[in-house]
Every structure is written in structure tokens, then in C-alpha cells.
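**Q** In this text, residue positions in the sequence shown follow our numbering: the first is 342, and each later residue adds one.
Source of the hints: derived by calculation from the structure; they are not laboratory data. Cβ atoms here follow ideal geometry from the backbone N, Cα and C, with glycine treated the same way. One should not assume that every hint holds.
Said to hold, decoys possible - The list that follows gives simulated cross-link-like pairs (lysine-lysine, DSSO-like), each with its CA atoms no further than 30 Å apart:
#, residue 1, residue 2
1, Lys417, Lys382
2, Lys382, Lys392
3, Lys400, Lys382
4, Lys361, Lys417
5, Lys417, Lys392
6, Lys392, Lys439
7, Lys417, Lys401
8, Lys361, Lys400
9, Lys439, Lys361
10, Lys382, Lys439
11, Lys361, Lys382
12, Lys401, Lys382
13, Lys439, Lys401
14, Lys361, Lys392
15, Lys439, Lys417
16, Lys361, Lys401
17, Lys400, Lys417
As the list claims (entries may be wrong) - Okay, the calculated beta carbon distance ranges per label pair:
#, residue 1, residue 2, range
18, Val380, Asp442, 25 to 31 Å
19, Lys361, Gln444, 22 to 28 Å
20, Arg371, Phe445, 31 to 37 Å
21, Val407, Asp373, 16 to 22 Å
22, Asn360, Lys401, 26 to 32 Å
23, Glu426, Gly396, 21 to 27 Å
24, Phe345, Ile448, 30 to 36 Å
25, His419, Gly387, 19 to 25 Å
26, Ala415, Gln444, 28 to 34 Å
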Amino acid sequence: MADFTSPLVNSARLPDYQNKTVRLPCEVIRSDPNANEVVVKASDGGQVRVKLVGGVTMKKGFFEVVGNVVNNEAIKAHAIIDLGENLDLSLVDFVVEKSRDPQFSNIF
């Protein structure tokens, strides 16, 4: 059986995961229900377009988007996890970056 992984990423890490499934913690900046798309702020402050499918909505607050990286600035969402209205994105970004540090490979 193949292992399935979906690494935690920020906007700067998207180019490393083209056509792969990732998890993007983020905050909604702009929502366009007519386009089935939202613009979010990733944990590193970069903006990412999230293409929504299946009538899913993201209006306000923090979310984790699980989806495929379409390009360096966009993800096609498969699942959306509501993280509430209070999240320290700088702390999340610290975890995103430490998860790539070999010193912490036994944790991640």
C-alpha cells in the first residue's frame, strides 16, 4: 500500500509541490462566490488563490485547505477545515518551516 502524505505548506513552498496534495493553513482575505474562488493569506503572509469545488464556501476566519497545487499561486481544494476565528499564523509558519528542518525529522 502506498503512503499518502499531505505536507503543511506556506505560499513560498507551493512551487515545491506542483500537482501534489498539500495542507495550507490560511486566513480568508477575499471571497468571490460567483467565481467559486477565494484569496487567502498563507502563514508566511503570501496570497494564494483557492479554487473551491462542490459548493464549499469560505467566508471569514482561518482555515486549512487540503488540495492539489495548481501553480505557484493557486490550490484546487478537496477539503476545507475550519480553524475558527483566532489563530496565530506566525506560529503556524514557524511549524511549517521547522517541519522541513532535519533536526526535527523525528517529530515530523
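**Q** It remains to establish, for every hint, whether it holds in the given structure.
**A** Do the hints match the structure? See the list:
1. Taking the CA atoms of Lys417 and Lys382, the gap is about 15 Å. The hint holds against a cut of 30 Å.
2. The suggested pairing of Lys382 with Lys392 holds, with an alpha-carbon distance near 14 Å, which does not exceed 30 Å.
3. Only pairs whose Cα atoms come within 30 Å are accepted, and Lys400 paired with Lys382 is accepted, the gap being roughly 13 Å.
4. Taking the CA atoms of Lys361 and Lys417, the gap is near 10 Å; set against the 30 Å cutoff, the hint holds.
5. Among the hinted pairs, Lys417 with Lys392 is consistent with the structure: their alpha-carbon atoms are about 5 Å apart, no more than 30 Å.
6. For a cut-off of 30 Å, the pair hint linking Lys392 to Lys439 stands: about 28 Å separates their Cα positions.
7. Simply put, Lys417 and Lys401 have alpha-carbon atoms about 19 Å apart, close enough for the 30 Å limit, and the pair holds.
8. Straight-line distance between C-alpha atoms of Lys361 and Lys400 comes to about 25 Å, which keeps the hinted pair within the 30 Å bound.
9. For the proposed pair Lys439 and Lys361, the alpha carbon gap of about 20 Å is at most 30 Å, so the pair holds.
10. Our distance criterion of 30 Å between C-alpha atoms is met by Lys382 and Lys439, whose separation comes to about 20 Å.
11. Between the alpha carbons of Lys361 and Lys382 the distance comes to roughly 20 Å, so the proposed pair stays at or under 30 Å and holds.
12. This hinted pair checks out: Lys401 and Lys382 have alpha carbons roughly 12 Å apart, not beyond 30 Å.
13. Note on Lys439 and Lys401: the hinted pairing holds, with a Cα-Cα distance of about 28 Å set against a maximum of 30 Å.
14. Using a Cα cut-off of 30 Å, the hinted pair Lys361 and Lys392 holds, with the two alpha carbons roughly 15 Å apart.
15. For the hint pairing Lys439 with Lys417, the CA-to-CA distance comes to about 25 Å; that is within 30 Å, so the pair holds.
16. With a CA separation close to 26 Å, the supplied pair Lys361 and Lys401 stays within the 30 Å bound.
17. Distance check on the hinted pair: Lys400 and Lys417 sit about 17 Å apart at the alpha-carbon level, within 30 Å; holds.
18. For Val380 and Asp442, the Cβ-Cβ distance of about 29 Å falls inside the hinted range of 25 to 31 Å, so the restraint holds.
19. Taking the beta carbon of each, Lys361 and Gln444 are about 24 Å apart, inside 22 to 28 Å as hinted.
20. Separation of Arg371 from Phe445 is about 34 Å and conforms to the stated range, judged on CB atoms against 31 to 37 Å.
21. The hint said 16 to 22 Å for the Cβ distance between Val407 and Asp373, and at roughly 21 Å that hint holds.
22. Separation of Asn360 from Lys401 is about 30 Å and conforms to the stated range, judged on CB atoms against 26 to 32 Å.
23. At roughly 22 Å, the beta carbons of Glu426 and Gly396 sit within the given window of 21 to 27 Å.
24. At about 19 Å, the beta-carbon gap between Phe345 and Ile448 misses the expected band of 30 to 36 Å.
25. As the Cβ distance of His419 to Gly387 is approximately 21 Å, the hint placing it in 19 to 25 Å holds.
26. A C-beta distance of roughly 32 Å is found between Ala415 and Gln444, which places it inside the suggested range of 28 to 34 Å.
Hint 24 from the earlier list is the only one contradicted by this structure; the remaining hints agree with it.
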